[in-house]
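Engineer: Now for the letters of each chain:
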Amino acid sequence: MTAVNSAAPDTPIVTATGVVKSFGGLRAVDVDKLEIQRNKITALIGPNGAGKTTFFNLLTGFDQVDTGVITLDGEDITGTAPHRLAAKGMVRTFQLTKALAKLSTIENMKLGALHQRGEKFWSALIPGMWSKQDREVEARADAILQRFNLTHMRDEYAGTMSGGQRKLLEMARALMTDPRVVMLDEPMAGVNPALAQSLLELIKLLPGEGRTVIFVEHNMDVVQEISDWVVVMAEGKIIAQGTPAEIKSNKAVVDAYLGAHHGEDLSKVELS
Amino acid sequence: MDWGFILERSFSAMIGPEVVVYALAAVGLNVHFGYTGLMNFGQVGFMAAGAYGVGVSVYWLGWNFWVGILFSFVYAAILALLLGIPTLRLRADYLSLVTIAASETIRLLARSRVMQPYTGGVEGVNQFAGPFYDLSPFELGKFYSIGPFKYLGRDVWMLIVGWTLLILITLMVRQLMRSPWGRTLRAIREDEDATRALGKNAYYYKMQALMLGGIIGGVAGTLQVIQKASVQADTFNPVITFTIWTILIIGGPGRVWSPIVGSSIYWTLIVFIENTLRQLPPGVRTTLEDTVQLSDFNIAMLRFILVGLGLLLLARYRPQGIFGSREEMALDRR
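Which chain is which? The protein sequence lines are A and B, in order. With our numbering, the residue at position 70 of the first sequence is 70, and numbering never jumps. With our numbering, the residue at position 252 of the second sequence is 252, and numbering never jumps.
In short, the hints are calculated from the structure, not lab data. Quick caveat: nothing in here was measured; it's all calculated off a predicted structure. Ideal placement from N, C-alpha and C gives every residue a C-beta, glycine not left out. Hints are not guaranteed to be accurate.
Said to hold, decoys possible - Computed far set for chain A versus chain B, every beta-carbon distance over 10 angstroms:
(1) G24
(2) K40
(3) T67
(4) G118
(5) E136
(6) Q146
(7) N149
(8) S198
(9) N219
Said to hold, decoys possible - Residues on chain A that point at chain B, a partial pick, calculated with CB under 7 angstroms:
(10) T80
(11) P82
(12) A86
(13) A87
(14) Y157
For reference, chain A alone in the conformation it holds in the complex (with noise of 0.2 angstroms):
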């Protein structure tokens, strides 16, 4: 497994800068400034309704910027269409999983792989054209398959897995596509205890490819296990970042996540 890995080490990755996104009279995301570490795994956490998950969607081309400048590697990728940016090399998956339930795991597996020529009209009508390609990819899903102890669901529909399987399939799935940056929307969300273990030490293995991890978590625990920077989030902005530590004892982000006030008395707080 390879990634493609032009600039300085450490130049960050992904920028995003005067970031702005509302919904009606409601600023869904507000980010002045935002610079992604390469070969890093990022946590972005906060409260429900953070603005995390339409962050994702803005920054992977899923939901367009009102304002605001998105790089990836240097080159601006602002309102660059989905499937472009996956051959830029970023890649996500999502809050609730998209398994491709009637196409089996290895052609879930198989349609990752990006430059495909059987996927050109007419060069599918002609198999010779295609089929030493598509078993190069093959070989490549089932090396990733292996990789994910998804051996045994191989020839199965993508619809009979687990929730926990269906997450690992995506990730993956992810991964056919070669990426530099993968984008993780929740991957421990539904994920089994045990299950959960064995995909967090998947993600761990992915910046030693040369690959940078951002992920949307809630769980602190996991966020704290694996991530090597936090962003906090809090009604569209960020309000922190920092390493794990000292996010943990970060007065702000405990207000964000427990209310301004937790522990007090609830009758002499002030309102305002």
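Take the given structure of chain A and dock chain B to it, following the hints.
Structural biologist: Showing chain B alone in chain A's frame:
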């Protein structure tokens, strides 16, 4: 009752001209709905595009028949583009609204007085299919019997050409759907966003699918008017679209041989029921006439009612169609 006649009619219907035309149209709809998940409720519009493509080229432009045939596919492709450009970026339901409206627009426009110089209006276009029948090795007006099948010579010729086309196009679709291209279409059917996130331009693929299925629908329309030797606007009404859907659902969407088998079953049933009803013993006939007012006109209606009943039973006991897999169907509910 003349069972020999009823069976001869039914057998002949099993692989007859209607079966070929509707199976082709259903192959197109299968590309749209069965494989890509596109809700096209105006397949008859593509048939009309093909039919008028050749009819108008010969009648108004005075072109060579074979050039007209080629252009009929171009018209179907253009129609797909026109329908697809504004709708395929939107939610799935917009395509169904636009396709059903467009198919009716085509019919009403074609039969309007304004368009009469080009389309022949309500009278339509006749006598353009000569060059097709000139090539026939069979005597056009003579009946040919092969086993239980019996057709006019002109229909035998049409059937040979039609079945050849149908089989070739079905095999082509099968090959496409086994390729990575087809896999991408099926992925879009399952979840468009996931497919886009994996680097596929879903809009582009949906447009290709709409055009391919539309052109196949155009071939069906062209073949139909060649068989009838006339283009009549009112034959391209929305009921045709729903018949094509019925056929696809009988066979099971997303399966290669569904359109052919579905079409064959549908037309065999229709013809069998109609001929049986017409030949009921006089006693039964009179009773039915008294109780449910079974006139000759109502027989045409009754056969659709019975086919509808059959569909209800199919939906209850075999919702996946003839070829569909129950296991696959169950995945939708998870």
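Engineer: All hints, please: hold or fail.
Structural biologist: Structure-based check of each hint:
The beta carbon of A:G24 sits about 20 angstroms from the closest Cβ of chain B, which is more than 10 angstroms, so the claim that it is off the interface holds. Taking the minimum C-beta to C-beta distance to chain B, about 22 angstroms, the non-interface status of A:K40 holds against the 10 angstroms cut. Annotated as non-interface, A:T67 keeps its C-beta farther than 10 angstroms from every C-beta of chain B; the closest such distance is 23 angstroms. For A:G118, the condition that its CB be more than 10 angstroms from all CB atoms of chain B is violated, with the nearest at approximately 4 angstroms.
With 10 angstroms as the threshold on Cβ separation, the claim that A:E136 sits away from chain B holds: the shortest Cβ distance comes to roughly 12 angstroms. Interface exclusion of A:Q146 from chain B stands, the closest Cβ pair being 20 angstroms apart, more than 10 angstroms. No Cβ of chain B comes within 10 angstroms of the Cβ of A:N149; the nearest lies about 21 angstroms off, and the non-interface call holds. Distance check on A:S198: its Cβ is at least 22 angstroms (rounded) from any Cβ of chain B, clearing the 10 angstroms threshold; non-interface status holds.
The beta carbon of A:N219 is kept farther than 10 angstroms from every beta carbon of chain B, the shortest such distance being approximately 23 angstroms. Violation of the interface hint for A:T80 is found here, the shortest Cβ-Cβ separation to chain B being roughly 12 angstroms, above the 7 angstroms cut-off. Residue-level restraint check for A:P82 holds (minimum Cβ-Cβ distance to chain B is 4 angstroms; threshold 7 angstroms). This hint holds: A:A86 has a C-beta 3 angstroms from the nearest C-beta of chain B, less than the 7 angstroms allowed.
Taking 7 angstroms as the C-beta contact cut-off toward chain B, the hint placing A:A87 at the interface holds, the least distance being around 5 angstroms. Taking 7 angstroms as the C-beta cut-off, the interface hint given for A:Y157 holds, the closest approach to chain B being about 6 angstroms.
When each numbered hint is compared with the structure, violations occur for hints 4, 10.
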